[in-house]
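> Please build the complex by placing chain B on the supplied structure of chain A, with the hints as guidance.
First to last, the protein sequences are chains A and B. The letter at position 86 of the first sequence is residue 89 when you use the numbering used here, and the numbering goes up by one with no holes. The letter at position 295 of the second sequence is residue 298 when you use the numbering used here, and the numbering goes up by one with no holes.
Everything labelled a hint here was simulated from the structure, so no lab data went into it. Note that the coordinates shown come from a computational prediction; the quantities given were computed from them, not determined experimentally. Worth double-checking, as some hints may not be accurate.
The list treats identical chains as interchangeable, and a pair is accepted whether it falls inside one copy or across any two copies.
Said to hold, decoys possible - In the SDA-like style, the derived pairs of lysine to any residue whose C-alpha atoms are separated by at most 25 Å in a straight line are: (1) K117 to T313; (2) K104 to V197; (3) K104 to L43; (4) K58 to L317; (5) K139 to P262; (6) K165 to H216; (7) K139 to S153; (8) K139 to D268; (9) K5 to L315; (10) K104 to T129.
2 protein chains.
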Amino acid sequence: MKMEQPYLLFLGDAADPLAAKVAQGIKTWRPEFCVGQFRLENCNADTGLKDLSIKQAVDLGAKTLVIGVANRGGIISEAWIDVLLEALDAGMDIASGLHNKLVDVPALVAAAEKNDCSLFDVRYPTQQYPVASGVKRSGKRLLTVGTDCSVGKMYTSLAIEKEMQSQGIDADFRATGQTGILITGDGVSVDCVVADFIAGAIEEISPDNSPEHWDVIEGQGSLFHASFAGVTMGLIHGSQPDALVLCHEPTREHMRGLPTYSLPDIQTCIDANLTAARLTNPDVCCIGISVNTSAMDEQEAMSYMDMLETELNLPVVDPFRQGVSRLVEQLKGE
Amino acid sequence: MKMEQPYLLFLGDAADPLAAKVAQGIKTWRPEFCVGQFRLENCNADTGLKDLSIKQAVDLGAKTLVIGVANRGGIISEAWIDVLLEALDAGMDIASGLHNKLVDVPALVAAAEKNDCSLFDVRYPTQQYPVASGVKRSGKRLLTVGTDCSVGKMYTSLAIEKEMQSQGIDADFRATGQTGILITGDGVSVDCVVADFIAGAIEEISPDNSPEHWDVIEGQGSLFHASFAGVTMGLIHGSQPDALVLCHEPTREHMRGLPTYSLPDIQTCIDANLTAARLTNPDVCCIGISVNTSAMDEQEAMSYMDMLETELNLPVVDPFRQGVSRLVEQLKGE
Numbered sequence: 004m005k006m007e008q009p010y011l012l013f014l015g016d017a018a019d020p021l022a023a024k025v026a027q028g029i030k031t032w033r034p035e036f037c038v039g040q041f042r043l044e045n046c047n048a049d050t051g052l053k054d055l056s057i058k059q060a061v062d063l064g065a066k067t068l069v070i071g072v073a074n075r076g077g078i079i080s081e082a083w084i085d086v087l088l089e090a091l092d093a094g095m096d097i098a099s100g101l102h103n104k105l106v107d108v109p110a111l112v113a114a115a116e117k118n119d120c121s122l123f124d125v126r127y128p129t130q131q132y133p134v135a136s137g138v139k140r141s142g143k144r145l146l147t148v149g150t151d152c153s154v155g156k157m158y159t160s161l162a163i164e165k166e167m168q169s170q171g172i173d174a175d176f177r178a179t180g181q182t183g184i185l186i187t188g189d190g191v192s193v194d195c196v197v198a199d200f201i202a203g204a205i206e207e208i209s210p211d212n213s214p215e216h217w218d219v220i221e222g223q224g225s226l227f228h229a230s231f232a233g234v235t236m237g238l239i240h241g242s243q244p245d246a247l248v249l250c251h252e253p254t255r256e257h258m259r260g261l262p263t264y265s266l267p268d269i270q271t272c273i274d275a276n277l278t279a280a281r282l283t284n285p286d287v288c289c290i291g292i293s294v295n296t297s298a299m300d301e302q303e304a305m306s307y308m309d310m311l312e313t314e315l316n317l318p319v320v321d322p323f324r325q326g327v328s329r330l331v332e333q334l335k336g337e
Numbered sequence: 004m005k006m007e008q009p010y011l012l013f014l015g016d017a018a019d020p021l022a023a024k025v026a027q028g029i030k031t032w033r034p035e036f037c038v039g040q041f042r043l044e045n046c047n048a049d050t051g052l053k054d055l056s057i058k059q060a061v062d063l064g065a066k067t068l069v070i071g072v073a074n075r076g077g078i079i080s081e082a083w084i085d086v087l088l089e090a091l092d093a094g095m096d097i098a099s100g101l102h103n104k105l106v107d108v109p110a111l112v113a114a115a116e117k118n119d120c121s122l123f124d125v126r127y128p129t130q131q132y133p134v135a136s137g138v139k140r141s142g143k144r145l146l147t148v149g150t151d152c153s154v155g156k157m158y159t160s161l162a163i164e165k166e167m168q169s170q171g172i173d174a175d176f177r178a179t180g181q182t183g184i185l186i187t188g189d190g191v192s193v194d195c196v197v198a199d200f201i202a203g204a205i206e207e208i209s210p211d212n213s214p215e216h217w218d219v220i221e222g223q224g225s226l227f228h229a230s231f232a233g234v235t236m237g238l239i240h241g242s243q244p245d246a247l248v249l250c251h252e253p254t255r256e257h258m259r260g261l262p263t264y265s266l267p268d269i270q271t272c273i274d275a276n277l278t279a280a281r282l283t284n285p286d287v288c289c290i291g292i293s294v295n296t297s298a299m300d301e302q303e304a305m306s307y308m309d310m311l312e313t314e315l316n317l318p319v320v321d322p323f324r325q326g327v328s329r330l331v332e333q334l335k336g337e
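Bound-form chain A, shown alone:
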C-alpha cells in the first residue's frame, strides 16, 4: 500500500477547519507532496494551498487525490462522488482513511478498474503480516508512547523526524495510524491488524537499517487505556525501541472515552512503558516528555512544564510551542 506522490488534497465540504485536519497535517508535514487543494463550494476549511480543478492538478503532476476531510461517521459523502469519479477518469488514484471504504462504493470501483487506478483504504491492512520474531534489528528506533489516546504522539513523532533531519540525522517517521499513513504514503494502521500480528506488523514497517539510522515510530493508545492497551503493548514489543518519548495532555479529566478511568501518574506511566519495552530491548530509556499544552495559556503551560521537568528530571517540551530539539539533543551519543 505505497501511495504515489504528489497529492491533490480533497477538502470537500468540510464543516470547519477541524474537519480538514488530515489535509492540514499533510500540508504541514509534507508540503513537498502537495500540488494544491480541491474544495467544494460550501467548504469551510483552507490549508492555504492553491485551489485547483482536477484537470489543473493532473497537469501539475498529481498522482493521488487524498481525502483530507472527515465527517461524522466517517462516511464517503454522496456530494463527493462526482469529483472522485472525475479524478479517477483523469488517471489519479484515491486514498482515504475513513471508516467506510472506497472499495465498497461500486461506482468508484468500476471507474478505478476502467482507468487502471488504485483505491487506497489506508485504515484497512491489505497485506498479511508475520508473527513477530522478536529478533533484534539493526538501526535505532524511537517510539512515542502516551498517558492516553490522542495526546499528540503522531505530531511529536513527525516533529522529531523533522528535527533529526534538520540536524543531519538519517531518520524516517513510521506511520501506525491512518492519518500518518496518508501523510507519508506508507505504514500500517496497527489497530486494524489481526491481534496475533500486532508486533509482527511493526517489525515489518521498521526493518533492519544502517546502524546510525533512526526510525521514529508513531505510538498508539496507552498501556493505561482499558480499551486499547493490547495494541500499545504489541506496538512497544514490535518497535524494540532504544528511546521512548512520553506524550501527555495535562488538562484531560479522564481517559478518552472512559469516564470512570483517571489518567495515570506520569512516573508510573514511564516505568510501565520501560518495563514493557525492556522485553525486546533491555537498553531502552525514556529521553523526555512531550506535552500538548494547547488548552493552556503560555504562562500556565510554561510553569506546568517547569514543574514537571523538576519532578521527573527529564526534558519536557511542547513540540508546537518550542520544538523538540531538546529531545533530539538527548540522543547524541546514543
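The following block gives chain B in isolation, referenced to the frame of chain A:
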C-alpha cells in the same frame, strides 16, 4: 457462532494420538456432548468413544460433526471430503478449528447450502465486537495467565470449572481459543480478532452475571511473549479478573518459538500480570500456580512444586496429577 450439541467427533486419518488431541479434549471435558467418534481406516488415534457411521450418529441425535484432528499445516484433507459431504447431506453442521477454512472449500459450501446446514470455522470470528467499555461487570471472574504460550491455561481453566461445579459453585468456562470453542460450542478466538477489539471481545463473552457466579476465562499467550503479549494484555483488561492463576511449564528452555528469549521469573510474572489486571479490577489477586509437570517424573514434580510453594507462599498444583481443589479452596470467602 453457537454450535449445536451433541457432536460426532471426526478423527479422520489421525497420524497418532497427539493429532487427535482436540477430539480427546472434547471427550475429556464434555463427554455428555459426544455420541461417538468417526475414524477412517488408517486412523491411529482412539478417544474410546463408540465408532459410528454418519447414519448411526444422526440416528443417535448428532447435530454437529466436529473435526477433532489436526494435520501439518492445518489443512482440510482431500481424504476427509467424502465423509464431510455425507455428514452435510445427513443434515449435520460441521465445525473446525483448522487454519484453512471450511467455507473456502466450494463443495462443502454447496452441500451446506443445499442441506441448510452451517459450517463453523471457529478460529475466525464472524461477529463484530465492540470497543471495550471498561465498565465493571457483575459476577466474578477467574483468568488463567501464563509464563509462556501452551503451558496448560485451557486445561487448568476447564479443571477449575469442573472442580467449582462439583463443589456446587455456579461456574462457566469461557473459551478464547479454537480448541476451547470446539469443546464448549461457544467463545471467541481472541488472537484472530482485530486489535482494537481484543478487550471488547472478552467483555462480550463474559457478560454481567449473578453476584456469586464465576466465569473461568481461558487465557492466551503471555505478557512476556514478544510475539503475542498484546493479545494477553487486552485479554487481561477485558476479563476484569478477580482472581488470577498463573500457569507454568518448568522444563521449557526458552519462550515458545523464540529461541533467544528465556522464561520470566515466576514472581516477576505474577507481579506484571497483577499490575496489568489492576487497571480494570483493583481488587485482583493471584490465588495460586498451576504447573504442567508432564515432562517430570512423580518425585521430581513433587519436589519442584514443594520448592515453588515455599518460595511463593501460594498453592502450587499440577491439575492433571492432583486436581485443582486447593486453588478453588482459595476462593472461598472471596
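> Look at each hint and say if it fits the structure.
Hint-by-hint comparison with the structure:
Taking the shortest Cα distances, K117 and T313 never come within 25 Å of each other, neither inside one copy (62 Å) nor across copies (73 Å). In the homo-oligomer, the alpha carbons of K104 and V197 lie at most 25 Å apart both inside one protomer (18 Å) and across protomers (16 Å), since each shortest distance falls under that limit. When the C-alpha separation of K104 and L43 is checked against a cutoff of 25 Å, the pair qualifies only within one copy, where the shortest distance is 21 Å, while the shortest distance between copies is 46 Å. For a Cα distance limit of 25 Å, the shortest separation of K58 from L317 qualifies neither inside one copy, at 52 Å, nor across copies, at 73 Å.
In this assembly of identical chains, the alpha carbons of K139 and P262 lie at most 25 Å apart only when taken from different copies (12 Å versus 39 Å within one copy). Taking identical chains as interchangeable, the C-alpha atoms of K165 and H216 lie at most 25 Å apart only when both belong to the same chain, with a minimum of 14 Å there against 55 Å between chains. Proximity of K139 to S153 under the C-alpha cut-off of 25 Å is restricted to the inter-copy arrangement: shortest distance 24 Å between copies versus 29 Å within a copy. Taking the shortest Cα distances, K139 and D268 sit within 25 Å of each other only across copies (22 Å), while inside one copy they are farther apart (31 Å).
Taking CA atoms no more than 25 Å apart as the test, K5 paired with L315 passes in neither setting, with 40 Å inside one copy and 52 Å between copies. For a Cα distance limit of 25 Å, the shortest separation of K104 from T129 qualifies both inside one copy, at 12 Å, and across copies, at 19 Å.
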